[in-house]
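Participant: Line by line, the protein sequences give chains R and X.
For the first sequence, position 126 (counting from the first letter as 1) is numbered 126 according to full-length UniProt numbering, and the numbering increases by one without interruption.
For the second sequence, position 138 (counting from the first letter as 1) is numbered 138 according to full-length UniProt numbering, and the numbering increases by one without interruption.
Derived from the structure by calculation, the hints contain no laboratory data.
Here are the simulated distance ranges between beta carbons:
1. X/271 <-> R/14: 27 to 37 Å
2. R/14 <-> X/47: 53 to 63 Å
3. X/47 <-> R/4: 50 to 60 Å
Even for Gly, the Cβ is constructed at its ideal location relative to N, Cα and C.
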Amino acid sequence: MTLDDILASLFPDGHDVKNSGGVLSGSGALRSGGRALVIGVADRTALGVDEAIRLSNYVLASLENGNAPILVLADSDSQRMSKRDELLGLNEFLAHLAKSLIYADMRGRPAIGLLYGHSAAGALLATALATRVLVGLPSADPAVMDLPSMARVTKLSIEVLQEKAKSTPVFAPGLRNLAQTGAVHLTWDETVPLAEQLDSLLANMPDARDRRDALGVERGGRPKAYAIAERVRELALQAL
Amino acid sequence: MSAPHTQTTKSSAELDRTASWYEASARTRVRLLLDPGSVVEFIGPEKREVSPHLKLFDLPEQFDDGIVVGRGRLDGSPVFVAAQEGRFMGGAFGEVHGAKLTGLLRAARDIGSVPVLILFDTGGVRLQEANAGELAIAEIMRAVIEARTAGVKVIGLIGGRAGCYGGGGLIAGCCSALAVSEQGRISVSGPEVIETNRGVEEFDSRDRALVWRTMGGKHRRLLGGAEVFVDDTIQDFRDAALELLSSIRAFGIDTLRAEQSRLEDRLQRFGACPDAVDIWTAEGIPDAVSIPALPADQFIALADKVRRSSRDAR
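Only chain R is shown next, with the shape it has when bound in the complex (with noise of 0.2 Å):
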């Protein structure tokens, strides 16, 4: 599906989500009243200061306007990687991005990301992952890095990371390995209208609290984050 083709079955009753330079901001009606606010990276492009900064501008400047959720988009490269980027200080903008979002969800605005293409890296972390709600739609592509660049880094053939990728979904590429570690909610079905599933997210929307542990454990992509989590939890508060 294309980005225009997600919009328009997403709201049906119209929307009026920009496209600026890859930065996407506007709103949507939704069918069970309101409007949504929509944010996102379209068009696969890098998430940097100067798109971070305007999509941040966007969830603050909302959060006087209500409880409607928050729709995010992600269909990005990573995080830009660029001299400039980090000069002047990408871990703060791209940080900012994700605690609004997430402070935005905690005080009522119900953030729900939606992983349309690709995305990686820094960028993931301050989109895509920052809600509260992941979904994919089938034609996702997410990797928090690529085959190649992980051949680099841990000296092996991209032949034998392809073997090792199908016994373990843990590294490898892609919204079936992510999702089975817990960080995808649920996948999409395109041949239906997105607004019907939309609405019935948003009718059994889950409380704010993050379980993506325990849904890696149902999963089996990842068997002892939940119980480790715990288990620290509940020695720290034991000991006071």
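On the provided structure of chain R, position chain X as indicated by the hints.
Facilitator: Quick look at chain X alone, frame taken from chain R:
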């Protein structure tokens, strides 16, 4: 008889704290940073909770998966502490490594009053378990914000050999405040990653002076990316942690709005600067080229004079 003994213990602790932060292991940093004898580790190496994934790559495991988490006291007050071991897989975030920090932050959130000290020393996501590591970082970021919203102060201390890269840089950006030494580089993409992806013309990773002045502690302090600059000793990090704990205010919408303005202002003032030296010059520092060579005490005096910190805007 007990007074001289106490005296001896105290001075020996102070003597130990003259040790280099950079050179120390994660466990040594924790032991010397906090009050003597106060540290209790949670799920320590004796529990042998290793990464479930490294076997697949025939890589050696470590019994603590490269992170120490626990509690202790700082000047008599309880704190939670987490310290990454940069010498194990570059301090990278794997499933178990990350989950320990997540659990600690969630406990701090539940209690609401005990601060958390995070001793960063990391290259970012552990690629052999990339999906689990990436998600661990996302969970930690959320847990930091939940803890801060509940009133918890979360302090980052950065001065280790691996620096604070990748997702580690994003977590650092979520903390209430940061103390950094000259060695404590903070960045998302590392020098080699930028060079590999964009070419040596964009960033020459072998130009160490370029790396330090673009990502190092001095630049981060002058830019407002870290609140406090410290010399490379454990005592200096301890003093900085105490100072930050006494001065951090509550986190909320006003903090985020202030940060939005702070970062917009930075882009406007320095967005066209090609190099750190240009930023320092635009900041009004005379003889900005001499900054990298300045001894820590002189640099701290200069930084305190020319640049407000980012307090209450992070």
